[in-house]
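Taken in sequence, the protein lines are chains P and B. With my numbering applied, the first sequence corresponds to residues 21 to 856, in that order. With my numbering applied, the second sequence corresponds to residues 247 to 436, in that order.
Calculated from the structure, these hints are not laboratory results. Ideal Cβ placement from N, Cα and C applies to all residues, glycine included. There's no promise every hint is true.
Pairwise CB distance ranges, derived in the manner of DEER restraints [unchecked claim]:
hint : chain 1 : residue 1 : chain 2 : residue 2 : range
1    : B       : His301    : P       : Gly842    : 29 to 35 Å
2    : B       : Arg361    : P       : Arg436    : 21 to 27 Å
3    : B       : Glu378    : P       : Glu252    : 48 to 54 Å
4    : P       : Leu798    : B       : Asp310    : 39 to 45 Å
5    : P       : Gly379    : B       : Asp310    : 50 to 56 Å
6    : P       : Ala75     : B       : Glu307    : 29 to 35 Å
7    : P       : Lys840    : B       : Arg361    : 36 to 42 Å
8    : P       : Gly478    : B       : Glu322    : 53 to 59 Å
9    : P       : Pro719    : B       : Thr362    : 33 to 39 Å
10   : P       : Pro719    : B       : His301    : 37 to 43 Å
11   : B       : Thr362    : P       : Arg632    : 26 to 32 Å
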Amino acid sequence: MDGFLKRGMTKASALATLLGVGVGGALARFRAPLFPDLLDLSGPEPSEAAFTRAAGLVAAALLVFAAGPVVRRAPGALLAGATAGVATSLLDPLDGGLLVGVAPPWLVACPWFALAAIVAFVARRQLGSYASSRVEDGAPATSPALLAGVLISASGATLGLEGLARLALRLGLATRGEDALLATVLMALLTTGGLIFGRPALRGGASRCAGAALGAATLSLVALALAAGIAEPLGFKALCARIHADASLAGTPTVGAFVALVVLLLPALAAGATLHLTRRPAAMAAVLLGAAIAVAAAPGLLAADPLASILGAGPGSGSAGLVRLGAIIGGAGTLLHVALHREGPRLALGGAGLGVMLGAAGLPVRPVPVLHPWEPFPVEPLVVFETVDGQFIVDPTGRGRRRASLDQRPLSPRARGLAGEAARLRASVEAVGPAPVRRILFVGLLTPERAQTLTTLGIGHVDRTAGWWRSMALVEAAVGTDQVGMPGEVLSRKVARQRAWAGDYDLVLAPGTGASGPLPASLGLRLGDGATPIIAWRKADRMARHLPWSATLLRATDGLLTTSMAWTAGEVFGTERPTEAGATVSRWEWLRLKPEDRARLATAEAEVRISRSWTASSVDRAVAWHALTQAPSSPFESAIEQVELSDASLDLLREGAVGSPALSPFDRGVIEDAARVLTEKRLVPEVVRFAGPIAEAHPGWPALERALARADLEELNPEAALARLEALTRGPTGQGAAPVAEHRDTALLRTAALLELDRPADAAAALRTMAQARPGDLELSLRLADALVAAGDPEGRQLAARLYAEHPGHPELFGLAQGKRGMTSLDPDPSRRDGR
Amino acid sequence: MGDDVRVLAPLRSTALLLLCGLCAALAGPAEPGGGALGGLLSRSDGGILGTVVSHEVRAFEAPDGEEVFFTTVGVEGTDLATGAPETLEVTFSGGFIHATRGAHSSTAPPADEVRTGRRVLMFHRHVDHIAEGFSGDVLVDGREGLFPWFSSRRGETIVQGRGRAITRNVRLLQLRDTVRRCRETLGQGR
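For reference, chain P alone in the conformation it holds in the complex:
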């Protein structure tokens, strides 16, 4: 008899493990969007994502119920198997922190569901006899209807875990890799909790199960306090120090897993005990169904925040509110269980449930803002708010501009990325044939800078959409888009899709920043009948080697010798690219890299792939070489300082440019980038060596002439600089031709040259008209004030005083307002203060 039982237990454990692997593997992969297309570039809608996950949990509940006795005999093995199944998703291929399945998610999840279904069927057939031959532990059999209390308690516990997981993801930089990592940690904790706290309790049963679920929901409140402490930058640093890491390692598996462990530890252990104590398939199915209901309801509850409305507690408390609501629902579930059952410790359980409900309802809960874990210099956010779509932060980014991020993922670029983005938008419009582009569908955030660039490109109507479209109006107001007055609407993706299908747009454009969802393969890129051109940008620093590249590829540079590529569909004029197959990188391998190392690896791989294609030019090869020579940089260095320039790539670029009479816009952009980086790094002989021959081969190239003029100024030769700049302003056709409109940078350089030549009045005159035409351009106004002060014109001090009032703390303006030029600090000698 013992041998019979032992064999049965072994078989049950094996089947339970396999069932768990199937269920865990499927749940990790069954995620929205199940049928991705271009509009999913910005991530799935929260409700869609929640319903998909809930559907997965319902399927898991059905499978567990169908499997029958195996759940009862080896719950620990089932949980361990599920952990292993979820963990396998860490090995899936990905695209730079953001998961990409070349196959759609529903297809990827299918084999795992099939495995679970087969195992459930076998278990039912094989272990049915064991079930009937044993007297089960725990409570007597109850009808599924009587499990309502367990179901609701489990909902509460899940809601608490959901709220905590949202916070933990933000702390871990919220990449899709982190998502899988967090799920793995959660499952490991559930298993551990079951083995430690569920196993020693000899008697399972619904009452204990409801009690444990209540415990999980209650412990979520304790974990919330922990998460709030970690969310503070100093708290996060202290946490990292505990594992001998630092905040710059946020986004790596070690830190991400540790954050998840600390935040989820207490409630997850209790939830694991809950699962272990269910013992009966119906009870475990009830727990899973409760979890499904909570997951599905979470977005709605977060948006409505019913408790805040009832208590009149003002604005919603976001994810933290979800945790509190979970505790209250857990308490309510316990009370319901007590009401439905006559046996068990009813008084204690009922008292505990009521106590938790009242305590949680009276608990003051505020939103927990999760700021960027590490910045070289502290940045005070302008706006932080949380909606159902996630947590939005709006930061200042140079010269009064604003940058938005969603759950730590940028929705718009920093100030230094604006030039690159403008180049991408320009390249997009230029690539869409000769027909004018007037109406576009923009997949992402329309910032004032984007709106201005699009306006200058002749676009008069911009409809916007994204996975977070419900919050878009709020975010646009926070970044100031509403002040630009660009015609167009914020659309739900459904409406946007309908309009795109109806051919309402000349172009569907995704800017590449803020993409957080899977990039659809060719199967999903097309919208409508294919007549509408589609351009989806993707920075080269996001892994792309395993993606099917579109037949026509667009490229643009961002000003710092890094590039972006655009996947295209429809009639778009770009470069033909061979689809060279690349090896896939495992998600685990990828996750082990620091985020900046991922970017460098991805860039190098993409550029090398392009440089090996048969259409590659020497410029392509130079860009690839440049990408390969980049090294990790100090975060205290400026963007320019972080760029490594190699002689080999510069030589390749120069030779390619000199030998080619007609350069493509991309090639010209790369060469201008190189000249700019050399100039900003102030490598004067290198500027002359690089830009000189190219400027000779392509006369009248403004960017190169300006670089050479700057080199002249660096060499203390303002006469040469002035001559070069005046020739540039006269235009390439020489004397007699109408002068070309002077570029802002040319005017600034000419002013500098005139000041060096001790002609301040001429310098001021050279800049006055342009500065007056652009009152918001601080650099122009500042240089004008400087020239006027140098000329002894009292207007200079007045202008400086006015500008200083607008920009308090600006040392040079402070000095100019008092008639003193060249002040670099308001501190008389900072080195004395810090003891250097």
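Here the structure of chain P is known, so what remains is to put chain B in place on it, guided by the hints.
This is chain B only, laid out in the frame that chain P set:
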């Protein structure tokens, strides 16, 4: 933010600063940052103008048990004030021994500016105790004490101004003259 090198407190008296200010005023309009240059000189033993020929990162144990990292670059060139040939090792905080062992420093000069072959002017000062069992010359004022230079097409050596001490580009001969005069004034002050 970073791990700053603690150097010995320099001799600073009000009289000395006044003399530095006077020195700066004497430097004329080509040295708008002369006052700050005087301050920098007062905190340093001198400047070396040359080319980076070596680069080494070393780790030391701090009193709290943590590791601290220092980068030492060898510079081969001439003394800024006298023009005499000189080879010197200059140390600053931060650096990486390999990809995962090291620390960034907010005061360290950009890595690209101190790699082998770069042309630098470094203001340095001898420190007896940089770390346990480690003494030598340190870069004064971190990245504020380093200036690039180049040879122009007209054959002039030009030191590139930035920051507070040398705000604008200046010919080496002119800078050397200013530094000499400033040194003389500082010597009298001491």
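Between glycine 478 (chain P) and glutamate 322 (chain B), is the Cβ distance one that fits in 53 to 59 Å? Given range 53 to 59 Å: holds, Cβ gap about 58 Å.
Outcome of range test on Cβ distance (leucine 798 (chain P), aspartate 310 (chain B); 39 to 45 Å): holds, 44 Å
Measuring from beta carbon to beta carbon, are glutamate 378 (chain B) and glutamate 252 (chain P) in 48 to 54 Å? Given range 48 to 54 Å: violated, Cβ gap about 34 Å.
Distance restraint hint 37 to 43 Å, applied to the beta-carbon atoms of proline 719 (chain P) and histidine 301 (chain B): holds, 41 Å
Status of the given 33 to 39 Å range, CB of threonine 362 (chain B) versus CB of proline 719 (chain P): holds, 37 Å
Just to be sure I understand the hint, the distance between the Cβ atoms of threonine 362 (chain B) and arginine 632 (chain P) should be within 26 to 32 Å; is that true here? Holds: the Cβ-Cβ distance is about 31 Å, inside 26 to 32 Å.
How does the Cβ-Cβ distance of lysine 840 (chain P) and arginine 361 (chain B) compare with 36 to 42 Å: does it lie in that range? holds, 37 Å
Just to be sure I understand the hint, the distance between the Cβ atoms of histidine 301 (chain B) and glycine 842 (chain P) should be within 29 to 35 Å; is that true here? Once the Cβ atoms are compared, 34 Å apart, the range 29 to 35 Å for glycine 842 (chain P) and histidine 301 (chain B) holds.
Using the C-beta atoms of glycine 379 (chain P) and aspartate 310 (chain B), is the stated range 50 to 56 Å upheld? violated, 42 Å
Does the Cβ pair arginine 361 (chain B), arginine 436 (chain P) satisfy 21 to 27 Å? Holds: the Cβ-Cβ distance is about 23 Å, inside 21 to 27 Å.
Using the beta carbons of alanine 75 (chain P) and glutamate 307 (chain B), state whether their distance is inside 29 to 35 Å or not. For alanine 75 (chain P) and glutamate 307 (chain B) the Cβ distance comes to about 56 Å; the hint is violated.
The structure fails to meet hints 3, 5 and 6 from the earlier list, while all remaining hints are met.
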